[in-house]
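Colleague: Read off the chains here:
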Amino acid sequence: MSEVLKTLSDAMAAAVEAAGRSIVRVEARRRMPASGIVWSADGVIVTAHHVVEREDKIRIGLPDGRMVGAALVGRDPSTDVAVLRAEADGLAVPAWADLAEVRIGHLALAVGRPGDQLQATLGIVSALSHHAHEERYFAQTDVVMYPGFSGGPLVAVTGQLIGLNTSALMRGVSLTVQSATLRAVASSLLAHGRMRRGYLGVGVQPVKLPAAAADQLGQTTGALVMSVEPDSPAERGGLFVGDTIVAIDGQRVTDGDTLLAALTSGRIGQTVPVTIVRGGQTQTLAVTVGERA
Amino acid sequence: MNDLAQLVNAHLADTVERVRGSLVQVRNGRGAGAGTIWHPDGLIVTNAHVVQGHAQLTAVLPDGRTLPAQVIAFDAARDLAALAVEADGLPTIEVGDSRALKPGQWVMAVGHPWGVLGAVTAGVVIGVGAGLGDLPSSREWIALALHLRPGHSGGPLVDAAGRLVGINTLITGPDVGYAIPSQTVIAFLKETLGAQHVAV
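Each protein sequence line maps, in turn, to chains Y and A. With the working numbering applied, the first sequence corresponds to residues 1 to 293, in that order. With the working numbering applied, the second sequence corresponds to residues 1 to 200, in that order.
It is worth saying that the hints were derived from the structure and are not from the lab. Please note that the accuracy of each hint is not assured.
[Claimed, not checked] Here are the in silico distance ranges between beta carbons for each label pair:
#1 A/173 x Y/126: 18 to 24 Å
#2 A/129 x Y/126: 41 to 47 Å
#3 Y/107 x A/99: 24 to 30 Å
#4 Y/42 x A/77: 44 to 50 Å
Just so we're clear, the structure is a prediction, and the values are computed from it rather than from any experiment. Just so you know, even glycine gets a beta-carbon here, dropped at the ideal spot from N, CA and C.
Extracted from the complex, chain Y is given alone in its bound form (with noise of 0.2 Å):
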């Protein structure tokens, strides 16, 4: 007989192990401990905002048994992401997989640590997030989250890293926050201690464009305008409600997810051109692009 399936076994279960020398316990809300990631070898750790539900006398349980105390660092509730530093050095980094490499369909593992052993279950990659959004990756399997396993990584088969699980984003989905929008994330509260994202101050549905509009801009909906904050960015840049955005800063906005990836945090305070179509007419505004509260 064949031994595939021994071959298999073996291999997850590697993989398990190899992924599991940068998987720690995170003791951050009560009697209920969860997982984390090491995102760097002096002692960042990566884990689900919902389960650290205190900010400070926060311990991590590392690979090798020990304990350690840890600092929040910051939080996105958006993508449920926190990074804590922890009092260590020395920690294994793990390695992360490429975006593209994941594909609907894939075996993938949900590892976690929320005992003083690594824990593991399996599951396929059920869907991906089709925005081209760097801060809106996410992946969504059929893993089962037993307690414990939120602020743990999926696993590919290869032992590399597809992202961090999260069971409270959305209600009995298990979806994990793929690797790119976990470093744009981690980069930025590093940096600034929350998720910097820009701010225009609009209200915005998606509409097609009159013809004459579409042939000349080489796409067929854009933006529409239904309201504007009053003292925004968007008002002293001087759009209207009834304006339809179909690009920023020469990026193609047709809805409005292409127009959050647009404001991104690298714009915020930076004036930037707005193509409008008003009237039938292109024309472009300058608008110095804010930073959402």
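Using the hints, position chain A against chain Y.
Modeller: Using the frame of chain Y, we list chain A on its own:
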């Protein structure tokens, strides 16, 4: 890739077929659990809670024979019992080393969930050892990401190579099962029956 998936499928089915040859149903007059043939001469291992308090026990063998079964060893603390039936030449499953199990490894459980005979459920090992989840006991368990149901108790848990690594025993939720490690079963049989039944 498709070839590999087919190989995995074929291997799963072959393993299950082999394991089902050593699976029995233990009837206690009021309900039924599963049992695992441990020795060709009619030694069957099951959970203590399957047989506890019941005088009239029968075992339904894989070949369809229904035989009276006698409890010859019993340990309520470990939730294990050994039964004897008048039979020989029964097929057994090679016993694996449960201490070598690791989180993430593939396992399959066979039993009679809700009375469905010889049904299989597959998943992975969540963890091994004492102090897992919210089980109060300090005893060792294998935590499983598969779907055990009433009727699985006493049946075999096998690894990817089809070796017996545990006896399926309880659940703490719809998605978490627990099995007694094969090493615990060996210790139980050694203590109660002596060495003759342990060599397999």
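Colleague: Compare the structure with the hints numbered earlier in the document and write down the numbers of the violated ones, lowest to highest.
Modeller: As far as the earlier hints go, only 2 is violated by this structure.
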